[in-house]
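2 protein chains.
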Amino acid sequence: MNFKIKRLELLNALAKVSRAVSMKSPLPVLTGIKFDLKEDELILTGSDSDITIQTSIHENIEIIEKGSVVLSSRYILEIIKKIDSEDVHIYIVDGTLTRIEGASSRFDLNGTSYIDYPRIDLNKSGVNLQMKATDLKEAIEQTSFATSEKETRPVLTGVNFKAKDHVLECIATDSYRLAKRILNIDSDVSFNIIIPKKSLIEISRIIEKDELIDLYVSDRKVLFIFDSVLIQTRLIDGSYPDTSRLIPNDFDYSMTIDSTSLLNSIDRASLLSNEQTNIIKLSMNEDQVMLSSYSQEIGSVEENLSRAFYKGQPLNISFSAKYLNDAIKSINGDKVRVLFTGEMKPFIIKDFEKEDIIQLVLPVRTY
Amino acid sequence: MNFKIKRLELLNALAKVSRAVSMKSPLPVLTGIKFDLKEDELILTGSDSDITIQTSIHENIEIIEKGSVVLSSRYILEIIKKIDSEDVHIYIVDGTLTRIEGASSRFDLNGTSYIDYPRIDLNKSGVNLQMKATDLKEAIEQTSFATSEKETRPVLTGVNFKAKDHVLECIATDSYRLAKRILNIDSDVSFNIIIPKKSLIEISRIIEKDELIDLYVSDRKVLFIFDSVLIQTRLIDGSYPDTSRLIPNDFDYSMTIDSTSLLNSIDRASLLSNEQTNIIKLSMNEDQVMLSSYSQEIGSVEENLSRAFYKGQPLNISFSAKYLNDAIKSINGDKVRVLFTGEMKPFIIKDFEKEDIIQLVLPVRTY
Chain E
1 MNFKIKRLEL LNALAKVSRA VSMKSPLPVL TGIKFDLKED ELILTGSDSD
51 ITIQTSIHEN IEIIEKGSVV LSSRYILEII KKIDSEDVHI YIVDGTLTRI
101 EGASSRFDLN GTSYIDYPRI DLNKSGVNLQ MKATDLKEAI EQTSFATSEK
151 ETRPVLTGVN FKAKDHVLEC IATDSYRLAK RILNIDSDVS FNIIIPKKSL
201 IEISRIIEKD ELIDLYVSDR KVLFIFDSVL IQTRLIDGSY PDTSRLIPND
251 FDYSMTIDST SLLNSIDRAS LLSNEQTNII KLSMNEDQVM LSSYSQEIGS
301 VEENLSRAFY KGQPLNISFS AKYLNDAIKS INGDKVRVLF TGEMKPFIIK
351 DFEKEDIIQL VLPVRTY
Chain U
1 MNFKIKRLEL LNALAKVSRA VSMKSPLPVL TGIKFDLKED ELILTGSDSD
51 ITIQTSIHEN IEIIEKGSVV LSSRYILEII KKIDSEDVHI YIVDGTLTRI
101 EGASSRFDLN GTSYIDYPRI DLNKSGVNLQ MKATDLKEAI EQTSFATSEK
151 ETRPVLTGVN FKAKDHVLEC IATDSYRLAK RILNIDSDVS FNIIIPKKSL
201 IEISRIIEKD ELIDLYVSDR KVLFIFDSVL IQTRLIDGSY PDTSRLIPND
251 FDYSMTIDST SLLNSIDRAS LLSNEQTNII KLSMNEDQVM LSSYSQEIGS
301 VEENLSRAFY KGQPLNISFS AKYLNDAIKS INGDKVRVLF TGEMKPFIIK
351 DFEKEDIIQL VLPVRTY
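Chains E and U supply the protein sequences, listed in that same order. Residue numbering for the first sequence is 1 to 367, as defined by the numbering used here. Residue numbering for the second sequence is 1 to 367, as defined by the numbering used here.
Check before you lean on any hint, since a few could be wrong.
Just so you know, same-sequence chains aren't split out, so a pair can sit in one copy or run between any two.
Stated by the list, open to error - List of simulated lysine-lysine pairs, DSS-like, C-alpha gap at most 25 Å: (1) K82 with K322; (2) K81 with K329; (3) K164 with K311; (4) K124 with K162.
No wet-lab data here; the hints were simulated from the structure.
Produce the complete structure using the sequences and hints provided.
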């Protein structure tokens, strides 16, 4: 293997594929990035066996001699980041010992043979679906935070992607709250899968621009194909709970408020609340809406939401400040509607105008 | 206690005094800030009993009724930071329960009686010395990093301030390296004290502008008086080792180089070195200066310091990359001189022009 390349081109590619690499991988070779230098391109692959990211470089590269090697993700990334040179020259000196040269620096890095790297099948198989990268990124950001952190019910640690009749639903819940995003899709495909949260976060981080993504969905994995990057993730086994009946349709009480002033009031109201439970209370009637919290040890707060508009009988409801905060932030609109069916019933948060995102929060009992 | 105040005026003062407060104080009342509202000023005090910071507010305050209370540093700071109002109204509702009101927010914070707060004597006693705040800040930054992290020799955890014959020497060492800054002072005073590193860091953080500071040095404490802030710190007991004979005066070898290119080369050369020891090697002769490191497991680096100017017999010397890096950064000059007396002898780093700062590093033996 022997090639010269523009440093920034390589750095950009390494930064992407290294996202899949885990330093704690039980298989040592997977802490590295596989360099495959072909006749006309350099293919870089990173994987932790759950998620695999691959990209290739065709331009700004001078290929001198084909070859392959696996280089420590951490060290090669740091070297290419810090080397003070526009171009770098990378070649195998002996066996897997790889030299990286640029300006006045010369690094000799011990590599691993590419033969030890697991064969990862990145074939296009299964159902195909095309969507806008920014739509996918938004759907991930609006749902993934609501997945469960606990491993007791593994299916809840992922986001449920359910496609049918030109509609894709993305649903996440930790059983105390639920986030649902609805997307219209062109393809007439049908599937019901659970994608690990960690994989989705990495995919969302890699999406930078408004391009088209091809998805290939099969039983055990999904392949995302971007302009120059391939990401493949395993799926979570099991069937996702049916959440459709959880979300009420009729509401007796509703509050409308601008998001920023509600977020700021939640922030202040939760300042003195118990850090573990972080419970705050909404007290609403048609004249006044108050947000409050109380801690015997520390003190109490009352926030007067003078800009809220409330319709319905007087209602008091207590819940986690963090959950309401997460829900409003994910909606990312100027104004939100909060809709209630009763004191101990789940309530939902929607954008004032759009209907494609629904956040649901369960209240808590306070004494 | 009852007063109205401009929020930013109070926030600024609280941010300063809270620096002295430790959340882990064994005396619960010291996790709070003491509010002393006098006829014409509000005095705020924070302390962890090692260091005490006090400031007073005379302007932008409307005093309605005198009084005192201790409020949790953490909560009062957060409240004043987050309350969405230009002015805040603070008053005692009942006993030590204190209300903080602003715009649509109302906080009731449980306080502690000021009677429980320890009496801290902030009298001006001992030897007086005046200096520029920015000189003190610079001297702290140039020395404090070289103090010892280990408690086995407590005197080495502080910086030695030694005044005599219109010269103030600030010295720190962890016995593997030494930092020394020399300042000329107007006052003809004489003392030899050790100030805890932690106190110095807080003092340096509070210094924002080029003002004059008054120091009052006594046997057990130093009081620093700024424009509107008083900082008092305890001293470390014991006598500081005499370090004057450690620093050589004659050198057989010298290297001159611009700081930035040396810092960048150190950074790269230490990339592949053992993380614990972080040892790199300088190999110098009059034709070439090389910086290198080697790790059997990871690989090796060679940096050619083409911009270095070396004078002397060929010399190889190994040392901690971190120590040389710290030393050069503290000097903060465009160009440095590195002066050697032999392969296993301490070497010193100086600014190319100034003589008031000396950094010394001990080499290590490599095999």
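Q: Report the numbers of all earlier hints that the structure fails to satisfy, in ascending order.
A: Result: hint 3 breaks, nothing else.
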